[in-house]
Every structure is written in structure tokens, then in C-alpha cells.
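**Student:** Single-letter residue listing:
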Amino acid sequence: MIVRVQLFARSRDLAGADAVTVELPAGATVAALRAALAAAYPRLSGLLARCAVAVDTEFARDEDSVQEGSEIALLPPVSGG
Amino acid sequence: MIRLTHEPIDYHALTEAVRRPGCGAVALFLGTVRDLTGDVVTVALDYEAYPAMAEKKLAEVEAETRARWPVGDVALVHRLGRLEVGDVSVAVAVACPHRVEAFEACRYAIDRIKEVVPIWKKDLGADGRAEWVHPHDVAAPGTGA
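Chains as they are written, first to last, in the working numbering: chain A, 11 to 91; chain B, 2 to 146.
Keep in mind that the hints were calculated from the coordinates and are not lab data.
C-beta: ideal position from N, C-alpha, C; glycine also.
Don't take each hint at face value.
Stated by the list, open to error - Coverage of chain A stretches by chain B, computed from C-beta distances (three or more under 8 Å per stretch; other residues unrestricted):
1. 13-23
2. 49-57
To be verified - Per label pair, the in silico range of CB-to-CB distance:
3. B:71 - A:49: 49 to 55 Å
4. A:78 - B:85: 39 to 45 Å
5. B:52 - A:42: 26 to 32 Å
Okay, chain A solo, but in the shape it has when bound (with noise of 0.2 Å):
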């Protein structure tokens, strides 16, 4: 399955898009997505290891899974206030 996933503040920069895709099995492991996210854009790898990654709008664990057409968002630390 293809799933796209939001970018945020220097995630997004150092992307240079709002959104980027990857490709995994179907119900991938959020951790399986990290290390595919690392893969296709070696740029993000520094700061992936430091952001949470949101699935449907909740923070999600490493052993949960990622389905085809979940909202999916990297999350950099936050810094509102």
C-alpha cells in the first residue's frame, strides 16, 4: 500500500514538500514506517528519530499498525506556548 504522510515545521523543510509517500506492506508497523520514511528520504532521518508519528489524528506507538488510508502525520517536537 501506498500511504502518505503530513510533514510539519523542519520535518517539512527538509523535505521541501508538505506530504511525502511511501510504500509498505498492508497493516506495516508504524516502526516499519519510520524505517521506510528514513530509506526513501535520508534527509529526515536525523530528526525521525526525535518526532512522534500521529495516526488519525492520535499519537501512535512503534508496534502499532498503519492501514491503507489512515491519516498519517510526522510530528517534530512541539513548541507551541
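Using the hints provided, position chain B relative to the given structure of chain A.
**Tutor:** Chain B alone, transformed into the frame defined by chain A:
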């Protein structure tokens, strides 16, 4: 009440909106853009959000705050876009029966906003410097929030 806005935050109206006859205490916290972090000069901050999730997380912070303290009403508002030194970036207004609860609830809400709400700021310096703030353990440019 929670809100993301690109407009200036009317914190007087916000404070009035949370007042209740049963609440003898209203605590208001404002985060404002600070000009100096160490010796680094900030002239403006650019705030952006992941809006759908930021609104959801703000609503969760409101619900957590209401669950922990006897809140008459609470308002959480975060501004987005370009803010200059002194501008208000975030406001938390809480009304409770007594001051201890109001202070504690207000402190809890702003702390949680900074932890869980997907909002980011880019620090803009006078020399054209523009850096996203992604804190780890060091003092980050920003506000008093």
C-alpha cells in the same frame, strides 16, 4: 472552550467569558513573544499547527482540566501565524470557586498544551535567521509559556 486563531487574542473578553457566579477566582495565563533567549535576539515567531489534531488535543486538555479541578469554565486559545515581540501567542483562562484550584488548573492546562498539542514555532532573528524550535533539553526561544 478551545480555539486556534490567526487573529489577536482578546484576553479581556476571554476572561469575562469564563467568569461564573459560583467562581470566586479567575486565573489568566498569557504567553507572549520574548525578545531575548540568552543573547539570541528574536524579532518574530511564526506559529503553525496540525489543525485537526491540535484542536483535538486542546479539547483533551480542557477535558483533563475539568476532570481534575472544580472548573466553572475554562478557555484555551492559541494563535497561529506571524507574531512579533510582545504579541500574545497563547491564553488560558480558568474560573474556579477558589484561587488555589484556579492557579493549579491554569498551570496544568498551559503545561499540557506545551507537551501534547501539535503546534510549532519558527524563531526569526534580525539577521534573517529563521529556525524551527524543536526543543530537547536546552532553553528554547519563544515565550514565557
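**Student:** Does each hint fit the structure? Answer for all of them.
**Tutor:** To see whether the hints hold, each was checked on the structure:
1. Counting residues of the region 13-23 of chain A whose beta-carbon sits less than 8 Å from any beta-carbon of chain B gives 5, enough to reach three: the coverage restraint holds.
2. Beta-carbon proximity to chain B at under 8 Å applies to 1 residues in the region 49-57 of chain A; the threshold of 3 is not reached and the given coverage is violated.
3. Separated by about 52 Å at the C-beta atoms, residue 71 of chain B and residue 49 of chain A satisfy the suggested range of 49 to 55 Å.
4. Here the CB-CB span from residue 78 of chain A to residue 85 of chain B is close to 44 Å, well matched to the stated 39 to 45 Å.
5. For the pair residue 52 of chain B and residue 42 of chain A, the beta carbons lie near 27 Å from each other, so the given range of 26 to 32 Å is met.
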